[in-house]
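Peer 1: Here is what each chain is made of, one letter per residue.
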Amino acid sequence: DIQMTQSPSSLSASVGDRVILTCRASRNINNYLNWYQQKPGTAPKLLIYAATTLQSGVPSRFSGSGSGTDYTLTISGLQPEDFATYYCQHTYITPITFGQGTRLDIK
Amino acid sequence: EVELVESGGGPVKPGGSLRLSCSASGFPFDSYSMNWVRQAPGKGLEWVSSISSSGSHILYADSMQGRFTISRDNVKNSLYLQINSLRAEDTAVYYCASGSRGHDAFEMWGQGTMVSVSS
Chain A
1 DIQMTQSPSS LSASVGDRVI LTCRASRNIN NYLNWYQQKP GTAPKLLIYA
51 ATTLQSGVPS RFSGSGSGTD YTLTISGLQP EDFATYYCQH TYITPITFGQ
101 GTRLDIK
Chain B
1 EVELVESGGG PVKPGGSLRL SCSASGFPFD SYSMNWVRQA PGKGLEWVSS
51 ISSSGSHILY ADSMQGRFTI SRDNVKNSLY LQINSLRAED TAVYYCASGS
101 RGHDAFEMWG QGTMVSVSS
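Protein sequences appear in the order of chains A and B.
In terms of this note's numbering, the first sequence opens at residue 1 and continues consecutively.
In terms of this note's numbering, the second sequence opens at residue 1 and continues consecutively.
Some hints could be false.
[Claimed, not checked] The calculated lysine-lysine pairs, modelled on DSS-like cross-linking and capped at a C-alpha distance of 27 Å, are:
# : chain 1 : residue 1 : chain 2 : residue 2
1 : A       : 45        : B       : 43
2 : A       : 107       : A       : 45
3 : B       : 43        : A       : 39
4 : B       : 76        : A       : 45
5 : A       : 107       : B       : 43
6 : B       : 13        : B       : 43
7 : A       : 107       : A       : 39
Honestly, the hints are just simulated from the structure, not real lab data.
My request is simple: use the sequences and hints to build the entire structure.
Peer 2: This is the structure we're talking about:
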């Protein structure tokens, strides 16, 4: 199975900050990497697919990059509504696996 | 408006069975693959199973093989997950999520249904 490791596990930041969340796969996943945002008590929401493509309706302050085994989600100019948990997911082969999540909270 | 609505969760004793349903509307259900993802209380997301748009291709996470059965009815715009021999560790919110056209991400999600396994 491909293991997905996110770092950091938690992060405190302020409104307006730029934050970078990292996801590392245990082997090359050829950009089959997606990012989701989840707020407490709600379903996950797709933010970015195929490593770099912004899902329709998602603000442009979210961006994704990376290749091979290493990927990042960048949020430029944090807004109050961005404080949530973020998960990466690979869909390269089965089993599909998610990272353990990065919780982003307000400093 | 696109909507996925899960139902069928609830309290169940170990060894029992449940059939979860996911009703879809607002998009061409029969053109999308579908998925089940679960989340134990306070934990992360875990992929359970996927089914192709026609239902002909099915995948399960290794730990779900044998006790979980995914199916769909494209006439009723519905997705199902049968879970047998329930265990305490199956306690979780179960989400249905659609696939996407053109990529493999899980595009649309339901609100989830809670399954609680306890004696």
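Peer 1: Could you check the structure against the hints above and give me the numbers of any it violates, in ascending order?
Peer 2: Violated: none.
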